[in-house]
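Now for the letters of each chain:
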Amino acid sequence: MIQRRRPSSGLWKIVVWDEPFFQGKRHEFTTDCYSTPERGFSTVRSFRIESGAWVGFEHCGFQGQQFVLERGEYPCWEAWSGSNAYHVDRMSSFRPITCAVHGRSQLLLFEQENFQGRRGELSDDCPSLPALGWGGSAVGSFLVCSGAWVCSQYPGYRGFQYLLESDTHAGEYKHVREWGSHAQTGQVQSIRRVQQ
Amino acid sequence: MTEQQSPPEQMVTGEGAGERGGNYKITIYELENFQGRRCELSEELPNVVDKALEKVGSIQVESGPWLGFERQAFAGEQFVLEKGDYPRWDSWSNSHNSDSLMSLRPLQIDSPDHKIHLFENAGYTGRKMEIVDDDVPSLWAHGFQDRVASVRALNGTWVGYEYPGYRGRQHVFEKGEYRHWNEWDANQPLMQSVRRVRDQQWHQRGSFENS
Chain A
1 MIQRRRPSSG
11 LWKIVVWDEP
21 FFQGKRHEFT
31 TDCYSTPERG
41 FSTVRSFRIE
51 SGAWVGFEHC
61 GFQGQQFVLE
71 RGEYPCWEAW
81 SGSNAYHVDR
91 MSSFRPITCA
101 VHGRSQLLLF
111 EQENFQGRRG
121 ELSDDCPSLP
131 ALGWGGSAVG
141 SFLVCSGAWV
151 CSQYPGYRGF
161 QYLLESDTHA
171 GEYKHVREWG
181 SHAQTGQVQS
191 IRRVQQ
Chain B
1 MTEQQSPPEQ
11 MVTGEGAGER
21 GGNYKITIYE
31 LENFQGRRCE
41 LSEELPNVVD
51 KALEKVGSIQ
61 VESGPWLGFE
71 RQAFAGEQFV
81 LEKGDYPRWD
91 SWSNSHNSDS
101 LMSLRPLQID
111 SPDHKIHLFE
121 NAGYTGRKME
131 IVDDDVPSLW
141 AHGFQDRVAS
151 VRALNGTWVG
161 YEYPGYRGRQ
171 HVFEKGEYRH
181 WNEWDANQPL
191 MQSVRRVRDQ
201 QWHQRGSFEN
211 S
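Going down the list, the protein sequences come from chains A and B.
According to full-length UniProt numbering, the first sequence holds residues 1 to 196 in order.
According to full-length UniProt numbering, the second sequence holds residues 1 to 211 in order.
Be aware that a few hints might be false.
[What the hints assert, rightly or not] Computed list of lysine to aspartate or glutamate pairs in DMTMM-like fashion (alpha-carbon distance at most 25 Å, straight line): (1) A/Lys-13 <-> A/Glu-113; (2) B/Lys-55 <-> B/Glu-32; (3) A/Lys-13 <-> A/Glu-58; (4) B/Lys-115 <-> A/Asp-124; (5) B/Lys-128 <-> A/Glu-50; (6) A/Lys-174 <-> A/Glu-58; (7) B/Lys-175 <-> A/Asp-32; (8) B/Lys-25 <-> B/Glu-77; (9) B/Lys-115 <-> B/Glu-174; (10) A/Lys-13 <-> A/Glu-165; (11) B/Lys-128 <-> B/Asp-99; (12) B/Lys-175 <-> B/Glu-43; (13) A/Lys-13 <-> A/Asp-32; (14) B/Lys-128 <-> A/Glu-73; (15) B/Lys-175 <-> B/Glu-44; (16) A/Lys-13 <-> B/Glu-43; (17) B/Lys-115 <-> B/Asp-134; (18) A/Lys-25 <-> B/Asp-146.
Just so you know, these hints were derived from the structure itself, not from any lab.
Next comes chain A alone, as it looks inside the complex (with noise of 0.2 Å):
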């Protein structure tokens, strides 16, 4: 085996093209891209993740709207966006996510926002918060204890999706204002841990 220089290098990959159903452009990125303009490709439109967990966004910088991304093809956009009232065929910057571990994530969810009011603890998934018992289909803050979460606007992972992850601001989502720049309503009905 031969030593490489970053150790971490080996843990993301994603291929990307600039047409639908792997055709056109093609680029491997391996870290962070913060616009794929500036990389060549006016937009990103099939990939396939060869390793690591990502997150994908619909505005360069990490902005607009999130999709998280795993293992896997990617042909069309309606394989990562789960919301077609609000169609993205696009991404333009995308990242690692770095705190994912799927069998050891832990999240605290609150009724209010500021960890307020009534409070639920998660270790496993819930494609339906109001099926697993908590009452509402509303959330007011998040507080991520480990690994890397998304929880979604409807049941069955469906609609805006918003990542949460322990390893950014502390972990602590405290109002929806800090869920994404796309996020408009506490309106959380699925959440689910992301696997690396």
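Fit chain B to the known structure of chain A by using the hints.
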């Protein structure tokens, strides 16, 4: 507690509506955002037109889970509907081909235990993967790729998806054997993620302990 005597002619005649101690209740609305004509259901409905609804625009599942279908008589693309609010068609369907949901039925929950065997080839051959009491957003991370061609659902109720992270066409696996992908109505053996269907009205395991 006195048990009510129920006359035999009123007993449920095994149409599989899951009468094992849980309730099924769903409200379908003709328009988006829970507007327009509405209809409350507690058992299967082979054609929404029978309830004088032209189409289904939004859905509220009060107790479930339910399974929706693109076409009448439980045919076409499947949509798992767990407890919660679905204000528009794209909140239950990932397919841009169809915004139609024309029939629906209660989805059986088998047991608190979940075990499924996935096979790379039809007839339960080729590489095999066993999943026990877990959800798998990427089969690739477990040594599989994108091909699943036969399935044995040994315990529990499962749903498989074309793409990683529970995206794309959905296929439900109720307890049973699926020798070939055409038995789950797929036109190709493409599956990259699979998860359990769970609900606390059937089994408390995994429920919130609110504080």
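Need the list of violated hint numbers for this structure, in ascending order. Hints 1, 7, 11 and 16 are the ones this structure does not satisfy, whereas the remaining hints hold.
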